[in-house]
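Place chain B on chain A using the hints.
Take a look at the letters that make up each chain.
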Amino acid sequence: MTTERAGYRPEGIDDAFVSHDDDAPEATGGAPAGGTDGGEGGGAGGGRPAAPVLPTLGWRGWLRWMWRQLTSMRVALVLLMLLAVAAVPGSILPQRPVDPSAVLTYLQDNPTAGKILDKLGFFDVFSSVWFSAIYLLLFVSLVGCILPRAVAHGKNLRSRPPRVPRKLDRFPARADGTTERTPDEVVDAAVRHLRGRVRWLPTFRVETGTDAQGRRTVAAERGYLRESGNIVFHLCLVGLLVSVGVGQALHYRGQVIVTEGRGFANAVVDYDTFESGRLFRASTLDPFSMTLDRFTSEFTNDATAEPRDFTAFVTTRDPDTGKTTSDTIRVNHPLDVDGSKVYLQGNGYAPVVTVKDAKGQVAYSGPVVFVPQDSKYTSRGVIKVPDVSKGLEQLGLVGFLLPTAASDDTTSPSIYPQPLNPLLVLNVWHGDLGLDQGLPQNVYRLDTSGMKESVKTDGQPVTLTIQPGETVKLPDGMGTITFDSLPRYVALDLRYDPALTWVLVFALGALFGLALSLFTPRRRVWLRVTTDGDPAAGSARTVIEAAGLARGDDSGLQREVDAALAAATGDTDRTTGTTASAANTRKATR
Amino acid sequence: MTLAALTTTQTASYATLSSHLVWASMTVLTVAMIAFLVDLTKLGESRGVVAAAVRESRDAELVTAGAGGSGATAGTTASVPSDAPPSAPGDVEDGTQAGPRRKAVGIAMSLTVLGWLLLGAAIVTRGIAAGRAPWANMYEFTLVGSFVALTVFLLVNRFRDVRFLGAFVTLLTVLFMALGQEVFFVQADGVQPALQSYWLVIHVGVAITATGILTVAFVTSVLQLFKDSRDNGSGLMAHRGFRFLDGLPKADKLEVLSFRLNAVGFVLWTFTLIAGAIWAEHAWGRYWGWDPKEVWTFIVWIVYAAYLHARTTRGWSGRRAAYFVLVGYACVLFNFTGVNLIFNGKHSYSGLTS
Numbered sequence: 001m002t003t004e005r006a007g008y009r010p011e012g013i014d015d016a017f018v019s020h021d022d023d024a025p026e027a028t029g030g031a032p033a034g035g036t037d038g039g040e041g042g043g044a045g046g047g048r049p050a051a052p053v054l055p056t057l058g059w060r061g062w063l064r065w066m067w068r069q070l071t072s073m074r075v076a077l078v079l080l081m082l083l084a085v086a087a088v089p090g091s092i093l094p095q096r097p098v099d100p101s102a103v104l105t106y107l108q109d110n111p112t113a114g115k116i117l118d119k120l121g122f123f124d125v126f127s128s129v130w131f132s133a134i135y136l137l138l139f140v141s142l143v144g145c146i147l148p149r150a151v152a153h154g155k156n157l158r159s160r161p162p163r164v165p166r167k168l169d170r171f172p173a174r175a176d177g178t179t180e181r182t183p184d185e186v187v188d189a190a191v192r193h194l195r196g197r198v199r200w201l202p203t204f205r206v207e208t209g210t211d212a213q214g215r216r217t218v219a220a221e222r223g224y225l226r227e228s229g230n231i232v233f234h235l236c237l238v239g240l241l242v243s244v245g246v247g248q249a250l251h252y253r254g255q256v257i258v259t260e261g262r263g264f265a266n267a268v269v270d271y272d273t274f275e276s277g278r279l280f281r282a283s284t285l286d287p288f289s290m291t292l293d294r295f296t297s298e299f300t301n302d303a304t305a306e307p308r309d310f311t312a313f314v315t316t317r318d319p320d321t322g323k324t325t326s327d328t329i330r331v332n333h334p335l336d337v338d339g340s341k342v343y344l345q346g347n348g349y350a351p352v353v354t355v356k357d358a359k360g361q362v363a364y365s366g367p368v369v370f371v372p373q374d375s376k377y378t379s380r381g382v383i384k385v386p387d388v389s390k391g392l393e394q395l396g397l398v399g400f401l402l403p404t405a406a407s408d409d410t411t412s413p414s415i416y417p418q419p420l421n422p423l424l425v426l427n428v429w430h431g432d433l434g435l436d437q438g439l440p441q442n443v444y445r446l447d448t449s450g451m452k453e454s455v456k457t458d459g460q461p462v463t464l465t466i467q468p469g470e471t472v473k474l475p476d477g478m479g480t481i482t483f484d485s486l487p488r489y490v491a492l493d494l495r496y497d498p499a500l501t502w503v504l505v506f507a508l509g510a511l512f513g514l515a516l517s518l519f520t521p522r523r524r525v526w527l528r529v530t531t532d533g534d535p536a537a538g539s540a541r542t543v544i545e546a547a548g549l550a551r552g553d554d555s556g557l558q559r560e561v562d563a564a565l566a567a568a569t570g571d572t573d574r575t576t577g578t579t580a581s582a583a584n585t586r587k588a589t590r
Numbered sequence: 001m002t003l004a005a006l007t008t009t010q011t012a013s014y015a016t017l018s019s020h021l022v023w024a025s026m027t028v029l030t031v032a033m034i035a036f037l038v039d040l041t042k043l044g045e046s047r048g049v050v051a052a053a054v055r056e057s058r059d060a061e062l063v064t065a066g067a068g069g070s071g072a073t074a075g076t077t078a079s080v081p082s083d084a085p086p087s088a089p090g091d092v093e094d095g096t097q098a099g100p101r102r103k104a105v106g107i108a109m110s111l112t113v114l115g116w117l118l119l120g121a122a123i124v125t126r127g128i129a130a131g132r133a134p135w136a137n138m139y140e141f142t143l144v145g146s147f148v149a150l151t152v153f154l155l156v157n158r159f160r161d162v163r164f165l166g167a168f169v170t171l172l173t174v175l176f177m178a179l180g181q182e183v184f185f186v187q188a189d190g191v192q193p194a195l196q197s198y199w200l201v202i203h204v205g206v207a208i209t210a211t212g213i214l215t216v217a218f219v220t221s222v223l224q225l226f227k228d229s230r231d232n233g234s235g236l237m238a239h240r241g242f243r244f245l246d247g248l249p250k251a252d253k254l255e256v257l258s259f260r261l262n263a264v265g266f267v268l269w270t271f272t273l274i275a276g277a278i279w280a281e282h283a284w285g286r287y288w289g290w291d292p293k294e295v296w297t298f299i300v301w302i303v304y305a306a307y308l309h310a311r312t313t314r315g316w317s318g319r320r321a322a323y324f325v326l327v328g329y330a331c332v333l334f335n336f337t338g339v340n341l342i343f344n345g346k347h348s349y350s351g352l353t354s
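Read top to bottom, the protein sequences are chains A and B. Under full-length UniProt numbering, the first residue of the first sequence carries the number 1, and numbering increases by one thereafter. Under full-length UniProt numbering, the first residue of the second sequence carries the number 1, and numbering increases by one thereafter.
Some clues are possibly wrong.
Where chain A lies over chain B, by a calculated footprint (3+ residues, C-beta under 8 Å) [said to hold, decoys possible]: (1) 28 to 38; (2) 133 to 146; (3) 208 to 216; (4) 228 to 241; (5) 296 to 308.
For lysine to aspartate or glutamate, the following DMTMM-like pairs were computed, each having C-alpha atoms within a straight-line distance of at most 25 Å [what the hints assert, rightly or not]: (6) A:376 with B:182; (7) B:293 with A:374; (8) A:359 with A:393; (9) A:359 with A:188; (10) B:253 with A:99; (11) B:293 with A:118; (12) A:341 with A:393; (13) A:359 with A:176; (14) B:293 with A:453; (15) A:390 with A:306; (16) B:293 with A:393; (17) A:167 with A:109; (18) A:341 with A:275; (19) A:390 with A:436; (20) B:253 with A:553; (21) A:359 with A:338; (22) B:293 with A:493; (23) A:155 with A:207; (24) A:323 with A:374; (25) A:390 with A:374; (26) A:167 with A:188; (27) A:323 with A:338; (28) A:376 with A:309; (29) A:119 with A:109; (30) B:293 with A:99; (31) A:341 with B:281.
Derived from the structure by calculation, the hints contain no laboratory data. We put the CB at the ideal spot given by N, CA and C, even for glycine.
Next up, chain A with everything else stripped away, as it sits in the complex:
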């Protein structure tokens, strides 16, 4: 184990040039910091003979060792795999943020295991301590790995392409050619070709020179963007995490159910449910109000009645200017109101009923939300009537709304989602609704602990069936109920997340960086230009040798070398390229 500083290099995606042949010349200088040497934190120490006595590390040494372990590729790899494994239970077990009622059901069905799993955070995996720990460590590892690499790359960006090697004939890609051009013309043409057309972003970084024998040389390197892309990708991931976090802290989300003809105001109290991030302030809500004018739906005309379209027609009013605008909200087409988005998340029927008590007083009048239970909108609902005249029992009516009842059969579910033959089917309860204790109650459930169900003489529950416009007497002279009309309701979801743009920017930045780092070829091309014959005698020829080296296996390398040579000679016919496997043929015949 060593604490030498000099041996440490950030490890990561291998960016170094690797030649195909052990004998191929060493690519000198300019090789970007890669994973090929010394990256192992305080690891095995490469080929160095092991020191007989381990030097004491001290706490600083240990810290450094731990840091190197954490930022090493191997640990990053382990953390990545852990992250993948840790995510699995999040898909198998019900999750609180997604479906809290499913979690409750699970806990009821598996009391013992459920309790343990709950303690360990398995019902909210993605906010659990262990999941957070893994991804935070991963990001620390990422930053610790990528920052030194970014610095190294920054230096490397200013470095010059490696000198032309002494021998070019051992490289995996080679080509030779002759031309009538002078060496200077050849070099100029080659440089122009290699730099490419885009002035501010040259394809190759090119350097020309003259070697000890006075021959002109061209050295070129491309593919710096590979590492740039890699760094951009990883930094964008960090940016993504930060923007998601900021969005979480500043966001708010409100849900509200609105019946046709009614509306709501964008205020915390007006929402049925409202949740917000830690840094959200209620005063920042835009004080607009919205009314649902109309809701339309379309279904296929067959027995399956698959939904085809839902549209909510709304009017939005800005209280400051008093201006009103009409809009539509559809699935996949949320409405943007001052940076908040309003989504259409659900819909159903809210029959308007009027209940008069035994004294003939109107005890309740208004729409009651019935929640669809199936694709044909057989909907369940509860009509709670607490405000009866003094001395009378409170009423609760439980039952179903069938948008399209099958002829006169009241026991079977709705057969079509549209209100072709609407029917309310209700059972009647009387007694104490239990609303007076001040405890919050589920509006869709009747607490029957203090109530009695009305029954017929044969002991069967009384079932009322009511069509729109009809008034039906409640049993035992408790009053009447009128089915006035059948408006629709929509469930709207309003959401505000100021970090959305940044999330998108960083996500696309990561994609861009990733593509750059995976698809940018990393190549070096060298040309050596020799004058052959006697210039004075007029028999001079210019001989060009070209060679290329790539990072890893690169099928386009030979083409690159050929193109460079062709550009240098200005003539494609005279060049003779050797195949990429020159090294292999040699190996086979050795």
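Same frame as chain A, but now just chain B:
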């Protein structure tokens, strides 16, 4: 919708035609697969024989490793002499063999192209019948995914000889299509409002393309592992049945091919993830909500990211990295089948009523 002008009978006849075309394509591809297998066997035999001949005729020192007739070769250089004698030494690296006539493989390739065309026609007619982009339920995923896998195979084959992949690519596509036809089949129809978006074309289209590419990469990685095992004298792989492996390029060549495909697949998968998040933001009011499909898409992404990292970590490249590909592809398959059928999430679009 766009093709609302079609009458119901016309729609139905297009749907039937589409089904027939799928069966036709499957039949053709099955024959292609057999032809590919015949070719592979012959290729393996001929190379094995060549290897044996080389061993007898040349000096022992020339053959750096014992490339026996059984093909129990050892060391990476072993296959070079065994491949070398025929006319084109430069090509052996990619598995092309100009020497012996490979009649079967020609037939196989023609049939694959035919099967590919038939499948393409099946997808187009399915789209006409449904009046939308034909990838909105599991049945259509299997068709388009198979089509992409075949396309990738044929496309890569234009640049380098990967005909040795043919048998396995056609096998997988025929299996997928049979599964689709028998298990996932649903009538061609429109889609629910949540799916009525151009993001269906983009997000799902790219997801299927990525899956198709990852399928071919998976096949390549499996062959890489087999080949590597056989070359390193694995007892299991020494069996006669695996002689075809002698006809394949070296394991490191297969590794590079698999990496190229996986790299493209990974970038497309990343795009799928981002496009899905954008669509979720539009449709469900949140860009990420840990829906089972999102969880598994994330897992797939992480596993392939781990693969790319493993590939460049000392001690993890080669075989170990290839195992990541197997795990990653298993996750892709589970994400497609298991998540759709087992879990009850927002992505339950199989169209099957259970």
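Comparing the hints with the structure gives:
no.	hint	result
1	28 to 38	violated (count 0)
2	133 to 146	violated (count 0)
3	208 to 216	violated (count 0)
4	228 to 241	violated (count 0)
5	296 to 308	holds (count 8)
6	A:376 with B:182	violated, 29 Å
7	B:293 with A:374	holds, 23 Å
8	A:359 with A:393	holds, 12 Å
9	A:359 with A:188	violated, 106 Å
10	B:253 with A:99	violated, 48 Å
11	B:293 with A:118	holds, 23 Å
12	A:341 with A:393	violated, 44 Å
13	A:359 with A:176	violated, 110 Å
14	B:293 with A:453	violated, 45 Å
15	A:390 with A:306	violated, 48 Å
16	B:293 with A:393	violated, 50 Å
17	A:167 with A:109	violated, 76 Å
18	A:341 with A:275	holds, 15 Å
19	A:390 with A:436	holds, 15 Å
20	B:253 with A:553	holds, 9 Å
21	A:359 with A:338	violated, 50 Å
22	B:293 with A:493	holds, 22 Å
23	A:155 with A:207	holds, 17 Å
24	A:323 with A:374	violated, 40 Å
25	A:390 with A:374	violated, 39 Å
26	A:167 with A:188	holds, 22 Å
27	A:323 with A:338	holds, 13 Å
28	A:376 with A:309	holds, 15 Å
29	A:119 with A:109	holds, 16 Å
30	B:293 with A:99	holds, 15 Å
31	A:341 with B:281	holds, 10 Å
Comparing the model with each earlier hint shows violations of hints 1, 2, 3, 4, 6, 9, 10, 12, 13, 14, 15, 16, 17, 21, 24 and 25; every other hint is respected.
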